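As given, the protein sequences belong to chains A and B, one line each in that order.
Residue numbering for the first sequence is 1 to 336, as defined by full-length UniProt numbering.
Residue numbering for the second sequence is 1 to 336, as defined by full-length UniProt numbering.
Note that these hints are calculated values from the structure, not bench results.
Keep in mind it's a predicted model, so treat the numbers as computed, not measured.
Errors might be hidden in some of the hints.
The list treats identical chains as one, so a pair stands whether inside a single copy or across any two.
Okay, derived cross-link-like pairs now, EDC-like style, lysine to aspartate or glutamate, Cα gap no bigger than 16 Å in a straight line [what the hints assert, rightly or not]:
hint : residue 1 : residue 2
1    : Lys-6     : Glu-325
2    : Lys-293   : Glu-246
3    : Lys-191   : Asp-260
4    : Lys-6     : Asp-109
2 protein chains.
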Amino acid sequence: MTSAEKVSLIHGAGGEMMQSLIGSVFAGIRNNNAGGIGLEALDDGAAIPFGDKYIVLTTDNHVIKPVFFPGGDIGRLSISGTVNDLAMMGAKPIALTNGVVIPEGFPIDDLKTIVRSVDEALAEVGAAIVTGDTKVLPKEALDSIIINTSGIGITDRPIRDSGLNPGNKIIVTGTIGDHGISLIAHREGFKFGSELKSDCAPIWKTIEAALKVGGITAMKDPTRGGVANVLNEMAKKSHVSIHVQEDLLPVRRDVRAAADMLGIDPLEVANEGKAVIGVEAGMADVVLAAIRKTKYGKDAVIIGEAREGSGVIMHTKIGGQRFIEPPLGDPVPRVC
Amino acid sequence: MTSAEKVSLIHGAGGEMMQSLIGSVFAGIRNNNAGGIGLEALDDGAAIPFGDKYIVLTTDNHVIKPVFFPGGDIGRLSISGTVNDLAMMGAKPIALTNGVVIPEGFPIDDLKTIVRSVDEALAEVGAAIVTGDTKVLPKEALDSIIINTSGIGITDRPIRDSGLNPGNKIIVTGTIGDHGISLIAHREGFKFGSELKSDCAPIWKTIEAALKVGGITAMKDPTRGGVANVLNEMAKKSHVSIHVQEDLLPVRRDVRAAADMLGIDPLEVANEGKAVIGVEAGMADVVLAAIRKTKYGKDAVIIGEAREGSGVIMHTKIGGQRFIEPPLGDPVPRVC
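Next up, chain A with everything else stripped away, as it sits in the complex (with noise of 0.2 Å):
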C-alpha cells in the first residue's frame, strides 16, 4: 500500500482488500499481546490467561443502515455481533459495552426501541452491558446511529479460527446469506414473495452446546464476506484445504432466488446469527445432533471436511470442482 493511498469502502467490506488495509496499517501496531492471543492473530477476539481460565476480550463497530430492518435492529445487532464473536473463541459472554454515536436529530423513540431489543438480545444469553459511552454529532458529520459493542467473556480453552486439522468435518449452523440478501431486498424495496428476513441473533447457547460435546477444533462466524471469506481464512491460518459438497450447501429457497435475481452469491454476504465449526471427524454427528437441538441450531448440517492440501474446493452437483475464492469483499455496504 503506497503513501498516497486513501481508504476506500472496500477497505471495510471484509475480504481480502481489509485483510490488506489491516495487514499494512494495524498490524504495525507493536503493543499488540497481554500474554496468549493478542492482535497479531487476527482471531474473532484476544484472550489474555488469568488465573487458570482465559478472559476473551473482544469489539464490533456496527454502522448498518438502516436501523430497523426485516428480522431485527441494530439494537439486536450489536448484541449479536460482539457475544457471537465471544463464543467463537469458546467464551461464555460475561459483560459488554454500549458505546453509541449518534447523529443530532435521532428520535429518542427509535433510541428507546434499540434499547429493547439489546434487553432482549441481552436476555437469551444471560450476559449485560455495564458500560457504556454516548457521544452525539452533527447531522452533516454522521448520518445515521454508531453502535460499538466490545464484551469480554470466560472460557477454560480458547478455540481458535486456525485449528482445523486434515479429516475435521465442517458444520455450518444454519442457512447461508439470509442477512446479506434480506438487506440488500430491503434496501433495494425489492419484493420476492415470501418473507426474506436477517438470521441476526446472538448464538451462545447453540456453541455452548456443541462445546459441552466436545471434539470442536476451531470456529469463526461468517459475519462480513460471507461464509466463503470464512472458509478461506479458515484453511489458510490452519495449513489445509477444505472440501465443501454444493448440494450440502443450506440456501433457504427465497434467498437463493432473490440472490440469483441480484446477481449477488449468498457465500458472499454476510450472516449474523451462524457458525463455521470444525469438528473431529468421530464426534461430528453428536455434536450436529446437539446443535440441531438448540434455538438457532436447527438447520445445522455438514458441509465438508478438512483435508492436506490448501484453498477451498466445491465439489458441484454435476461432479465438477470449482475454487470458491476469498472475495475481495462483502458486495452488501453497511452490512452490520
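Fit chain B to the known structure of chain A by using the hints.
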C-alpha cells in the same frame, strides 16, 4: 423526556443534559450488571468480580475534530481516554481494543501516524491493543474518523467516584482546562502568543503512585463538562459538599487568557490527562508528594475538601462564596 423529542448536540456534551438522556434511555437497560459495579453506577467503568480480583471494563468513542491537534492526535487521545478511565477505577490497564470507523478517502498515511501515536501511548503504560474492528463509511455518511477504545484492567479493590467522605482532601493532578481551551483556540485559528496545547496523556503511572501510598477514597477524570461537572457528580454521588479555594485552582496563565477572550470557563471544558482525587486528610500530603514525582503529576495541588452538606462551593479570592454549578454541557463540541 417526551416521546417526540430528538437527540441534540447538548445531549452529548458531558453535562446535565447528557445525564438526562442517559437516565431516560440507557438507564432503561435491565440486564445491566454482571456482579460488582455495573451500568447503574454510571461510573468511569464497570467492575466484575473474578476470583479475588476485579476485572474493570470501560469504553469510549473518540469523535474529536480535527484529528490532529496541538499536543496530540486521536490515536493518543483514544488510548489516554480509556487508560485513564481504567485508572480512575483503580485498575492497572491490561488490554485494549481498537474499533475504527473511517470515512472513505481518509489518507492511509494519516492512519499510520495515528497508529504510531497509539503505540507510543500504549508503551507509556505497558498496555496492549489486542483486538480490533475496521469499518469504512461513504464520505457523505461520516466526516471524520471515529475510534472506539474499550479496555480491561485488573484491581484488588475498585475505586468509586462516589467514595468521598467529609474531611477528605481534593487533589487535582495538574492544570485545568488545557485540552478544551487549546482545542477551541486551534479550531478557531486564534494565536495567543504562547503555544497552547492539549494535556492529552495516559496517566496510569501517576495514579499508580497515588494508590501505592494509600488513603484514596474516590477518583474521576474531568473530561467532557470539565472539573465543574466532575466535582458536582462526585459530591452528589458521595452525599457530601465540596469546598474549593479559587486561589488554589491551577490554571495556566495562557489558558486563562485564552479562556477569557473566548468567554469560556476553564472549569467547564474537557481535560484529557488529569484526575480529581479524594484522599483521607491524614494521607493527603504524602499522596500529593508521590503524585508530584510522576511525569504527569508535577503541577498537582490540593484544591479543597469534602464536607457535610451538598453542592460544590468555591471560596473566591476576595473572600466570597459561590456555587460551581454542573454545566448543561461542555461549551466546546467534539473535544474527545
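Going through the hints against the structure:
1. In this assembly of identical chains, the alpha carbons of Lys-6 and Glu-325 never lie at most 16 Å apart, being 25 Å within a copy and 45 Å across copies at closest.
2. In this homomeric assembly, Lys-293 and Glu-246 never come within 16 Å of each other (Cα to Cα): the closest approach is 24 Å inside a single copy and 67 Å across copies.
3. Proximity of Lys-191 to Asp-260 under the C-alpha cut-off of 16 Å is restricted to the intra-copy arrangement: shortest distance 14 Å within a copy versus 61 Å between copies.
4. Proximity of Lys-6 and Asp-109 under a CA criterion of 16 Å is satisfied inter-copy only: 8 Å between copies versus 37 Å inside one chain copy.
Figure legend: structure checked against the earlier numbered hints; hints not met, in rising order: 1, 2.
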